[in-house]
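Once you've looked at the hints, dock chain B against the given chain A.
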Amino acid sequence: MSRTAYQSAMERLSVDSRETVEVVMAAWHDVPGAVGAQLARNIEAESGLEATCFAELLTQFAAELGKPVTPEDAWKTACENSILMGTVVPDTLRPRVLGRAEKLPSYVRRLAVTGHQSAIRHAIVKHSGRNDPPAALVRTMTAAPLGGSDPVWGTFENPSREDPFFGIPADTASIRTALGLGFARDDAEPFVLLRWRTEPLAGVSWHRPTIADAGTYHYFRPNPDQASPYGKTHPLLPNPDGLDGRPEVVQRKITGNSLVFPYHLTST
Amino acid sequence: MPGPLAFLEDYSREQTTEWLRRALVGKVAIPGIAPGDTFSNAILAGEPGLAAHTRRDLAHAALTLVAELKTSARLSSDYVGELLSFVVGLDLKEAVPALVVTAESCVSGNTDLSHHSRAAVAYAILNLRVPQPPRFWRTLWQAHPRDFSAPAFAALLDQDRMAAINSLPELENDRKLADSVVLTLDFQTDQLAGPERERFLAALAGVASRCKPRICSGIREWLDESGSTVPPAVAPADSPLALALGGAGPPACARLCPSLKAA
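Residue numbers (the numbering used here), protein chains in the order written: chain A, 1 to 268; chain B, 1 to 263.
It should be emphasised that the hints constitute simulated quantities derived from the structure, not laboratory data.
Using N, Cα and C, we set each Cβ at its ideal position, and we do this for glycine too.
Cut-off 30 angstroms, straight-line C-alpha distance, at most; resulting in silico cross-link-like pairs (DSS-like, lysine-lysine):
1) K212(B) / K176(B)
2) K93(B) / K70(B)
3) K27(B) / K232(A)
4) K232(A) / K253(A)
5) K253(A) / K27(B)
6) K27(B) / K67(A)
7) K93(B) / K27(B)
8) K253(A) / K126(A)
9) K126(A) / K176(B)
10) K93(B) / K126(A)
11) K70(B) / K176(B)
12) K212(B) / K126(A)
13) K176(B) / K253(A)
Listed next, the stretches of chain B that the computed footprint assigns to chain A, with coverage defined by at least 3 CB atoms under 8 angstroms from CB atoms of chain A:
14) 17–29
15) 33–42
16) 79–88
17) 111–124
18) 173–187
19) 214–226
Only chain A is shown next, with the shape it has when bound in the complex (with noise of 0.2 angstroms):
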């Protein structure tokens, strides 16, 4: 039987670091429903890390666990340096154009860090759907980065196909469900699609997610797809309507120059 790449790359820890590692994990897998449950799973799935970097980050978060932290902290904190060591996606099978859902209120704020919050939502709300918003508008949006934080996350449905969000409802609760958004339960709010064009840009590439994208994601599900150069959104239950894991990617936080416009807002 086949090792799995968990087991290989805790082949390469020390016999103390895996020692510390096999503790936690198991200390995890006894509470099946908590987050640390998952976050083992995960770990013992994934398959898109080359096997020095996995045992790095294995030997990482060793080594974080001998700190006075939470083993949900010494995992976030080993993943943070093995962001964005999934495989490179070929240029060949690189998308044209990913998306990303972001609960407008979420967006709308990290626009108002400086800026008026009333004037940007108003904007963002009127001028949805449009080929051509205001410029000022348009130059608000691309001067914000594409996402919170690194990894910037996205989507999409085929490579060359111009809709990353192709073949799911455009109402809040589909979009949530199809891209594994766990923790965007507040239908409410709808949620603001970006697209954004891959163009080659210096210094930026596009890579499977792995757990170490992920951190302390819950939601997240390593693609079982051994030879998929893309990971596969996991979406939420109960997904009534069936709807299937889209392809994904992580790139680098940058700003939004590449926005392609219109963006649209889902219906709630």
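For chain B alone, kept in the frame of chain A given last:
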């Protein structure tokens, strides 16, 4: 099922404050943070699920950190932005007095905040919608126009529309500033109707040509985009702008704003 921040229920008020200080810069794990989310948004998402006393402790923690803005040595813009985003997201109006004091300290030079952080403080006061006297906003504007003029303009527009419009020529020649002002003007305009709206637009068109070039072009670009039919304005012959441009020829603002059609 307990929410992602349930562990805070067991924290003392001091522990909550320290946790919040570290969480806002990502130094501790925030359970429930979605990939790509900001730290403040992740905490805001988990806050409603907390018991009342813990929510009070979290609010108190935020107030404590806001009070520190005035006196702390140079804080990172990221931290200040996340803190103030959290405060605005909580609609924590009790933070406004401390924010006002911080803004006034920036004017007096007693507070060491970056340009971005100063602007963030002023926008937090604006976005928390606790009106401040016009004198407060004018003082900020005059002391640090780069950081404070846009939020000051938005606040003054709420209080006295025409006086605020007449202060547009004082805005610095900056495109980001122009964009911010235009978004505010659009928001304000959409709350007006009929003759009041027309008077407002006409007043804007009338003052635009007295503004510095980027402000002028931003306002006229917005007027064009919104389909407002106002005639192009002409700079007074003896204005500094007209004199600089030779005092003759096509309307000065039209020469600077190629999208305008001549009358």
